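**Student:** Each protein sequence line maps, in turn, to chains A and B. Its first residue numbered 1245, the first sequence is counted upward by one per residue in the working numbering. Its first residue numbered 1245, the second sequence is counted upward by one per residue in the working numbering.
A couple of the hints might just be wrong.
As the list makes no split between identical chains, a pair holds if one copy fits it or if it spans any two.
As the list claims (entries may be wrong) - Listed below are the simulated DSSO-like cross-link pairs for lysine-lysine, each with C-alpha atoms no more than 27 Å apart in a straight line:
1. Lys1352 with Lys1269
2. Lys1352 with Lys1333
3. Lys1352 with Lys1273
4. Lys1269 with Lys1328
5. Lys1269 with Lys1333
6. Lys1352 with Lys1328
7. Lys1280 with Lys1352
8. Lys1352 with Lys1272
9. Lys1423 with Lys1272
10. Lys1423 with Lys1352
11. Lys1423 with Lys1280
Just so you know, these hints were derived from the structure itself, not from any lab. Every value quoted in this text rests on a predicted model; they were computed, and no experiment measured them.
For reference, the chains in residue letters:
Number of protein chains: 2
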Amino acid sequence: MDMITNPMEIENRSFEIISSELEGKEFKKENANILKRVIHTSADFDYADNLFFSEGVVASAQNTLRNGAAIITDTQMGSSGINKRAAAKLGCEVLCFVDSPEVAQIAKESGHTRSREAVDYAARTVAGPLVFAVGNAPTALIRICELVEAGVLDPALVIAVPVGFVNVVESKELVLSLKAPHIVARGRKGGSNVAAAIVNALMYEITDRD
Amino acid sequence: MDMITNPMEIENRSFEIISSELEGKEFKKENANILKRVIHTSADFDYADNLFFSEGVVASAQNTLRNGAAIITDTQMGSSGINKRAAAKLGCEVLCFVDSPEVAQIAKESGHTRSREAVDYAARTVAGPLVFAVGNAPTALIRICELVEAGVLDPALVIAVPVGFVNVVESKELVLSLKAPHIVARGRKGGSNVAAAIVNALMYEITDRD
């Protein structure tokens, strides 16, 4: 097989193919890199119709990331997919509390999901601007919305891209009316890989990746 | 929002929805749980047409996993998505060498990709039956095929589900003619999440998950 094997060449060629197949689709230039990276990670062009960006979200999110933020994921898989070198260069840290013994204990006592309690835990314990990257848990999204509406959480960005068949669509629709900046994959599709791709796309426009 | 929040209830209801929407699609009963879990992780019914299973692969893979195997992933994200408790109960370990400094050094010297060298490293250093779960790197798949054809690697299972636009389709088509047992997502779609979902689906039929 005659192949390109240089990772950056492969990625550049992939983005050329994606750009070419996106011709005719409407999207704002400022959101293009996120859309393309999500398609790159999923090979699924449905995202051209599914991804929703609140007004000015990319500029505001990049401004936050540039000054160092805590990026909170709802799964270890989401955390794994985020480029830690790029995050470190920006002074950002990537945190996931869903498997922490403390959160597990709180969830056991409250009867709520660990995903929900992990949001409360992050809101309570993490200083500085918070970026939530939610690719799995509707209960995490719903809790974020509740805390924002109660005035006790003011996230710099909510990435709302859980995948699935139960509570997922509804929880993402809730985020659409959130005053906080948000990026939402409407419908059933999404995932931890998509959440990580969105964070990486935001970072790669403003820093080196390695 | 009136919601089911118990994770197992959510999963059961999700699988009911998936089963119902799969009606009319043709697939072997023995492969059904893998197909459904891949759709569960992606919300993408294209996999009903894309997933290819070699003859008897599920029974042979489960026989291997039941007796303890090394599950080798090509990304940390794939490794993150595999249920470690279920793996431990079966006596399986989950390994990923792509970020190992030794593999990085070998790749630097050889000029090959780290993904390819990670396959050689696993083949050379890991004892016992090997299950490869490849959700990202075409060069890993191609190297597995080369080593099998050279008679120096005899994997118990090759999960061939990279996602992407360059080399991806071709590398997966190569695996289809491999004598070793394989599960392939034909076309562009796949990913580390899909690779992990396939491993988990195989394990969940033969052990508890927690």
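**Student:** Work down the list of hints and note, for each, if the structure agrees.
**Tutor:** Verification of the supplied hints:
1. Lys1352 with Lys1269: neither (47 Å within a copy, 41 Å between copies)
2. Lys1352 with Lys1333: This pair counts as between: shortest inter-copy Cα distance 24 Å, intra-copy 37 Å.
3. Lys1352 with Lys1273: neither (46 Å within a copy, 37 Å between copies)
4. Lys1269 with Lys1328: neither (32 Å within a copy, 41 Å between copies)
5. Lys1269 with Lys1333: Cα proximity of Lys1269 and Lys1333: none, with 34 Å in one copy and 48 Å across.
6. Lys1352 with Lys1328: Intra 31 Å, inter 21 Å, cutoff 27 Å: inter-copy only.
7. Lys1280 with Lys1352: neither (40 Å within a copy, 30 Å between copies)
8. Lys1352 with Lys1272: neither (44 Å within a copy, 40 Å between copies)
9. Lys1423 with Lys1272: For Lys1423 and Lys1272, the Cα distance is within 27 Å only inside one copy (20 Å; across copies 48 Å).
10. Lys1423 with Lys1352: neither (31 Å within a copy, 48 Å between copies)
11. Lys1423 with Lys1280: Close inside one copy (26 Å), not across copies (36 Å); limit 27 Å.
Of the hints listed earlier, those the structure fails to meet are numbers 1, 3, 4, 5, 7, 8 and 10, in rising order.
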